[in-house]
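Peer 1: Chain by chain, the residues run as shown.
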Amino acid sequence: MNNWKMVTLIGEDQPGIVARTTDALYQNGLALGETSMMRLGGNFSMMMMVSGEGDLNAVLAPVAEELNLRVHVDVIAGRLHQHVAPNIQIRVMGADQPGIVAKVTGALAVSGFNILELESDVAGTAQDPVYIMTIQGVSEKAAEELQQAVDALGEEGVDVTVSAIETLFA
Amino acid sequence: MAILEILKIPDARLKQISEPVERFDDALHAFVADLEDTRQVGPAAVGIAAPQVGHFQRVVILDCSQTHKPVPNHGHLILVNPEIIHWDGFELGREGCLSVPDYTGNVIRAARIKLVAQDLQGHSHEYEMIDYEARALQHEVDHLDGLLFLDRVVSRRADLFQRKVYQKGGNKKKKA
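Line order of the protein sequences matches chains A and B. Take any residue in the first sequence, count from 1 to its spot, add 7: that is its number in the numbering used here. Take any residue in the second sequence, count from 1 to its spot, add 432: that is its number in the numbering used here.
Hint data in this document are derived by calculation from the structure and do not stem from the laboratory. These numbers come from a predicted model, not from an experiment. Wrong hints could be hidden among the right ones.
With a straight-line Cα cutoff of 25 Å, these simulated SDA-like cross-link-like pairs (lysine to any residue) come out [as the list claims (entries may be wrong)]:
no.	chain 1	residue 1	chain 2	residue 2
1	B	447	A	176
2	A	110	A	151
3	B	440	A	87
Model the full assembly from the supplied sequences, consistent with the hints where possible.
Peer 2: Below, the structure is given as structure tokens:
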């Protein structure tokens, strides 16, 4: 096996975080697999599958200190080429209020829906924040059934739209 | 019958622009038969373009009649020298490709198109396509121009609310 680890780094956003971090890994003979990196609320967050030998905390310590990043390393059982194609997309938009994510995903979980990807953001203004979330995942139940499940929440002012994804394969 | 080898990334030949077909002869017919055989083996693809097998002529096969959920379609089409002459609307959709194993991505495509194409005898036809079939055709025509869906993948965050879908959800909500 490739000895995969999941490395999580977060820190205040600034130019060069990705370049410096991945260069430290590369210079120490480590390789990247699937990664997700994004700025969230002024912080930059990185999640990376990393393979290879060595103490990742030690490898990343100099960069982490210099750029003020926090590093977390987990040994994982993951592998590459385990992609699952989503067949359902859910868009949620509404006036920001506590519990939107919990309620929507709760209704979906009861229906056996498996989330592959979830991204959410707060748009609008500080006075009138709007919560926007997109979810992609896998469901054995049809989009209409999931739509009923989330509609039954009866959330005022929150639009939840479930649609099927038919991936074009050509 | 012959199964042709599918070019896969990072093969630079996938970037080559294909030439128009000028002769509608036996060689063309034989090639299209092989291209169809190649489309049929392996993972079921709704379309295939000649350059995907290293044959750089403007030929595409499209068949959206066998999708998981039925979609509006024109059945099995052999499209020679296809040219999109009108685009309308846009939609985000997920695409995969015989030439790009183990990867899918979101791509914005026109929701409705008109195209002209010749058949195997060289006769011209005009088609109007919508939604999934329109997407598939645009994906294939891109191959003829040396483009892959990878060249058009949008950020996962750059999602777009499709007006049509959004209104449907909104109306449903009000009735409830």
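Peer 1: Are the hints correct? Go through all of them and say.
Peer 2: Evaluation of the provided hints:
1. B:447 <-> A:176: Measuring from Cα to Cα gives roughly 19 Å; hence the hint holds.
2. A:110 <-> A:151: Cα-Cα ~18 Å, so holds.
3. B:440 <-> A:87: holds, 19 Å
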